[in-house]
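*Asks:* In case you want the letters, here they are:
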Amino acid sequence: MGALGPSSSRGSLSPAPAGGASNLADVLERVLDKGIVIAGDIQINLLDIELLTIKLRLVIASVDTARRMGINWWENDPMLAGADNRRDHPIPLTERVENLERELEQRSQPET
Amino acid sequence: MTEPAHVCYVYCIAPAGEVPALDGLAGVDPAFEVTCVTDGDLSAVVSRVHTEEFGAEALKRNLEDLDWLERTARAHNEVLARMLAGNAVVPLRLCTIFGDEDGVRDVLRREREPLLGALKRVHGHTEWSVKLLAEPEALQAATHERSSARPGADVAGAGRAYFARKQHERAARVEAREMIEQAAEETHARLCEQATAATTLPPQDRQLSGRSGQMVLNGAYLVERSRANRFAAVARELDTRHHELGLKLELSGPFAPYNFVSAGERPR
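Residue numbers (the numbering used here), protein chains in the order written: chain S, 1 to 112; chain V, 1 to 268.
Chain V on its own, in the form it takes in the complex:
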């Protein structure tokens, strides 16, 4: 029996009748547009994809190809970004694929309760990302400032002066690091106050993210739409407050609530 030429790629789930217009938006396979499959009160946002690119064997190969992965991931995320025009969306992981639309309807029926639950949790919210980056030069400057501000070691010889200075520098470094950790904790705590739910992600690899500095906080926050401005204002305030420590705060979003739709996520 030959394999079907196409299969059905699913991006996300939304309440039926609340899917924003996605006119002509190309899917992860640019040959096909994104459409909707509905069953009862749930809609799945889907697109056809060629089996020779998205079938089991092909996926094994393509997922290892960085260029393919980047293209696909960005196209997937673009669909989710468009869904933010609606009020609630539950993103699915990359490459959730069904044989055909009937298969998609089956899963909407089968998973109705958990999907409705997830939609309810994220309704009226978007996800925001806040990262804190510690610039090494700034940390060094802060360290130097602190160590030279200490009472000069009243020492006789150059050797002892050297060791005394080294000791002070080390203490200053430890102190600066502690202050940075404290700043990261405070930042997360203040932002949690503005969010319905929050979680922290592992720091991103420097080369992958293209950012300089050490990432000391990678937070994701589920924020009510009406509170988004307040959230951003608090983030800006925190950014200003932590400047002198050489910390840079990055706010990005809104994202679809990727981090807040699995049953097991930590609230706050």
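Extracted from the complex, chain S is given alone in its bound form:
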């Protein structure tokens, strides 16, 4: 059965639903990668943003894959659990990716 219609639950072609209803991937692949680029006063290195997009995909892929494999150590880690902690001590993406890759590799070793 096709899932046709705007991403909101409304079936009509009415104006876009509130941001929250949209798929995050749809939003990010637009606001991060598209739109006119105008150099503002605050310089963001676009290469960094492209890397960020890649890292983002990798991290989210890793997190979800890991969770499905039963790995969820970060959910009980005081540094990571809880929005407040995360805001005060955000773990850089690169570190998160490395941690998850290491864990996934260990998990994928065949059991002896």
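Please keep in mind that the hints were generated in silico from the structure rather than gathered at the bench.
Watch out, some of these pointers could steer you wrong.
As the list claims (entries may be wrong) - Covered, in the sense of this in silico footprint (three residues per stretch, anywhere, with C-beta under 8 Å from a C-beta of chain S), are these stretches of chain V:
no., stretch
1, 48-57
2, 82-95
3, 99-108
4, 157-165
5, 196-206
6, 249-262
Claimed, not checked - Examples of chain S residues toward chain V, derived with CB under 7 Å:
no., residue
7, L28
8, L32
9, K34
This structure is a prediction, so every number in the text was calculated from the model and none was measured.
From the three backbone atoms N, C-alpha and C, an ideal C-beta is built for every residue, glycine too.
Fit chain V to the given chain S structure using the hints.
*Replies:* Relative to chain S, chain V alone:
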């Protein structure tokens, strides 16, 4: 010299006097509302943001924070969604920030021609997304159907029967894959006919998008407002047509024309 406490975040550009009412809409920094900065025939939709969250150093940190990024991206997109009530809007990339409103007016003046050109290209259009997803189970079923429909290998031993079957299955898989690719091409071609411009994006990562199945088409289409219903009807027809291949078509929109405002985009 101390840094100013606030800077100016810009979401998009629209023709002056054609910005829809954005009453009380909060910006990416929820402490401040979205407003307009106008210079001549162009308006920029902006909001104040705190430097401690959106300054250069802070951004480097925050862009790496997934929760911050999601909140900001959604708030940014929400402003663009409201702009669809008007006739033309040119979205800017996330985090285009100026020191103050004068800086914004300067850029409206400096970039007037390209901005007017972009507005003209998208005037009266919205962007639609069509994705095609191949469900692995359905592909397998289609493969199985095809392989068992083939004339049975008239073989003597179980071993040869096994290999013959494997060969048929492999051929059926290849065939099914080719049919899916063909379906993706046909879908894009038919939708292009209904659009002023079109482009394809890389398939989305499965976990990021939360969708099952393999994304075999991620198309973005710039469609005249008056043709939106026709576009959707064609999409629905294509969805029905490709059901038996295990393909699911997803239509979403309208979006602001993110994919159609840069000078270099591929038309059709």
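*Asks:* Now tell me, hint by hint, if it's right for this structure.
*Replies:* Consistency of the hints with the structure:
1. 48-57: Coverage by chain S holds for the stretch 48-57 of chain V (3 residues, Cβ < 8 Å).
2. 82-95: holds (count 8)
3. 99-108: holds (count 3)
4. 157-165: As far as the stretch 157-165 of chain V goes, the hint is violated, because 0 residues have Cβ atoms under 8 Å from chain S.
5. 196-206: holds (count 4)
6. 249-262: holds (count 11)
7. L28: holds, 6 Å
8. L32: With Cβ-Cβ at 6 Å, under 7 Å, it holds.
9. K34: Holds. Min distance 4 Å.
Checked against the numbered hints given earlier, the structure breaks only hint 4 and satisfies all the rest.
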